[in-house]
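A.B. asks: Listed here are the chains, written in short residue letters.
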Amino acid sequence: MIKASGGDRHRWRKFKSGLASTLSFSSALLVIAPLALVFFHLVISGATSVNWDFFTHLPAPVGEKGGGMANAIVGTLELLALASLVGVPIGVLGGVYLAEYGSARINWGLRFVADVLNGVPSITWGVVVYGLVVLRFKSFSAYAGGLALGLMMIPLIMRTTEEVLLLVPNGYREASLALGIARWKTIVHIVMKTASKGIVTGILLALARIAGETAPLLFTAFGNRFWNHDLAEPIAALPLQIFAYAISPYDDWHRQAWAGALILVVGIFFINVLVRFLTRERTATVL
Amino acid sequence: MSLVASIPGADQPAKELMGSPSRFGDRAFEWLTMAMAGAVALLVILVGWQLSRDSMLAIHQFGWNFLVSTTWDPVAEQFGAAPFIYGTLVSSLIALIIAVPLSIATAVYLTELAPLSIRQPIISLIEMLAAIPSVILGLWGIFVMIPFLRDYPFPFLKKYFGWSGLFTGPIYGVSMLAGGIIIAVMILPIITSVSREILRSVPNLQREAAYALGATRWEVTRIAVLSYARKGLFGAVILGLGRALGETMAVTMVIGNTPQIVLSLLKPGYTLASVIANEFTEATTELYLQALFEIALVLFGITILANLLAQLLLKTMGTTQTTRAVQ
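These protein sequence lines map, in sequence, to chains S and R.
One point on numbering: in our numbering, the residue at position 187 of the first sequence is 187, and numbering is uninterrupted.
One point on numbering: in our numbering, the residue at position 104 of the second sequence is 104, and numbering is uninterrupted.
It is worth saying that the hints were derived from the structure and are not from the lab.
Here the structure is a predicted model, which is why all the values come from computation and not from measurement.
Any given hint could be a false lead.
To be verified - Okay, derived cross-link-like pairs now, DSS-like style, lysine-lysine, Cα gap no bigger than 30 Å in a straight line:
| id | chain 1 | residue 1 | chain 2 | residue 2 |
| --- | --- | --- | --- | --- |
| 1 | R | 158 | S | 14 |
| 2 | R | 231 | R | 315 |
| 3 | R | 267 | R | 159 |
| 4 | R | 158 | R | 267 |
| 5 | S | 197 | S | 185 |
| 6 | S | 16 | R | 158 |
| 7 | S | 197 | R | 231 |
Said to hold, decoys possible - Anything over 10 Å on all C-beta distances counts as not near chain S; from chain R, calculated:
| id | residue |
| --- | --- |
| 8 | 47 |
| 9 | 78 |
| 10 | 93 |
| 11 | 142 |
| 12 | 165 |
| 13 | 201 |
| 14 | 208 |
| 15 | 211 |
| 16 | 218 |
| 17 | 234 |
| 18 | 258 |
| 19 | 277 |
| 20 | 303 |
Backbone N, C-alpha and C fix where the C-beta goes; we use that ideal spot for every residue, glycine too.
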């Protein structure tokens, strides 16, 4: 073996270092490339398809052009509201327990379970709610869809709530308790109120996450080409409508699928921007 | 002074907050929150119980054979999950092969190499990618990615790598490889952001020691950072695998949905999640529906195992807020 001289060796090592930097930079570009591509096509194909009808009309009958997704937009909002009824109280109060009560070991276990639950495929929630609710009441319903989405929200909200409550300085709790205020009132009026912006941020993030979920709704909310007048009946949702139109054979429906996708993404990004705004203000003030 | 003033509720009279001296309120509130926190544990049990209860018939009928039988014939009421298990594993493996090097290299770039000013913008962009719903990625997959793959990369692979047996047969576009690629896009953000958290938790002392020995930037990364964080990075990969196994909508739209076990990646496949999404509402007989419930049970079992392993690796690394970093 001939050993390279010191200078060569040094140059070779510098070269390797530069190569690694270039490769990792290219990787970063490749990771964000899909975002750029998807966004580009969403805007190109979606923007030309969004019009006033899209927000105000029901889907047109098969074969007819035009129509909109008014019922799906409203349906998604209704489903998000129903999901919040399930996910917010359980998630927030569970987070309170993790932050304020419980032994270290039990809480470690609960946190662990919540994180594992977070990784359960979303379609599982659809199947489970189908078995528990749809089979029993013999009907797809908005309630079932809302429940499936709500169950997905629980671990998300629980973990974010816990985190922001732990950011509240202990002095606040001690000051309140020293005044003779009951512990639960201290938690509700002092700790949770101080962290309220953070809690809301967590809830918004969870909503943004589930707003685009399709799989849990396939056999719970099911979709509906008309307005939903009874929450015990099937209801339309934007992601479901996008899916149904995307796999359909009609060009006009493909066009509308792109329009729906653009609206959905804009909505989700809007929530994310709102979250960023809230968190920026939070870091600027006390927390 | 300033502390008191900034406490919300400090302006309310203490009496109003104090209420009755009984400790009933405290007890009730603690139990209430405990019940809600306990709900997560109950949920895991509930899911397992419900899925096994509703697939009892199929479990008794087919036994362990369900996992190895390759027949999926609703008309003859013969159900075997092997093609779906195969499709799920192969598509996830393809996704990992693509996503793992890219995400870990990106995480290295973001923690070790990138100029500080561009780190946050890139991180925000990756979070935006994570926020794109699966169904929209699937829409893009059908109308943009599939036609592109069909026209350029697939014929190239077939011509030059067809000898390997992995790229043979007619090119439809929808295929196992397309499914794997779309899953890779879905799991890039989570592996990147969890890996980034892991790398950030590596003490600076590690880096300084290596620099002091005259190591180049890459040598510092390799010797002092990557080897130190190996276990956590493995956890990040397994977490990505857990997501990949359960990914539903985007895959269903591009994988071709054909239950078969073939070597060629250019041919259509089928995954556990996709068969549930496609056939659940069409299941006309009791046994058919039960077989699909059993598929969901298998999927639940596999993903729980992957997530357990991932969380164990990540939690023992000492970093906590990992799964939440990108949802």
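A.B. asks: Per the stated criterion, does the least C-beta distance between residue 303 of chain R and chain S lie above 10 Å, as a non-interface residue requires?
C.D. replies: violated, 6 Å
A.B. asks: Does the claim that residue 218 of chain R lies off the interface hold, with its Cβ farther than 10 Å from every Cβ of chain S?
C.D. replies: violated, 4 Å
A.B. asks: Would you assess whether residue 211 of chain R, listed as outside the interface, keeps its beta-carbon beyond 10 Å of every beta-carbon in chain S?
C.D. replies: Its Cβ never comes within 10 Å of chain S, the nearest being 12 Å, so this holds.
A.B. asks: Between the alpha carbons of residue 267 of chain R and residue 159 of chain R, is the straight-line distance 30 Å or under?
C.D. replies: holds, 15 Å
A.B. asks: Any Cβ of chain S at or closer than 10 Å to residue 208 of chain R, or is the non-interface label fine?
C.D. replies: Answer for residue 208 of chain R: holds, closest chain S Cβ roughly 17 Å.
A.B. asks: For a C-alpha distance cap of 30 Å, please report whether residue 158 of chain R and residue 14 of chain S respect it.
C.D. replies: Violated, because 38 Å separates the two Cα atoms, which is more than 30 Å.
A.B. asks: Is it correct that the beta-carbon of residue 234 of chain R has no partner in chain S closer than or equal to 10 Å?
C.D. replies: holds, 16 Å
A.B. asks: Sort out whether residue 185 of chain S lies within 30 Å of residue 197 of chain S, counting only the CA atoms.
C.D. replies: holds, 19 Å
A.B. asks: When you check the alpha-carbon spacing of residue 197 of chain S and residue 231 of chain R, does it fall within 30 Å?
C.D. replies: Distance ~35 Å between residue 197 of chain S and residue 231 of chain R Cα, so the pair is violated.
A.B. asks: Has the given pair, residue 231 of chain R with residue 315 of chain R, been kept, meaning a C-alpha gap of at most 30 Å?
C.D. replies: holds, 10 Å
A.B. asks: Does the claim that residue 258 of chain R lies off the interface hold, with its Cβ farther than 10 Å from every Cβ of chain S?
C.D. replies: holds, 15 Å
A.B. asks: Taking C-beta pairs only, is residue 47 of chain R more than 10 Å away from all of chain S?
C.D. replies: For residue 47 of chain R, whose nearest Cβ neighbour in chain S is about 5 Å away, the distance does not exceed 10 Å, so it is violated.
Hint violations for this structure: numbers 1, 6, 7, 8, 11, 16, 19 and 20, all remaining hints satisfied.
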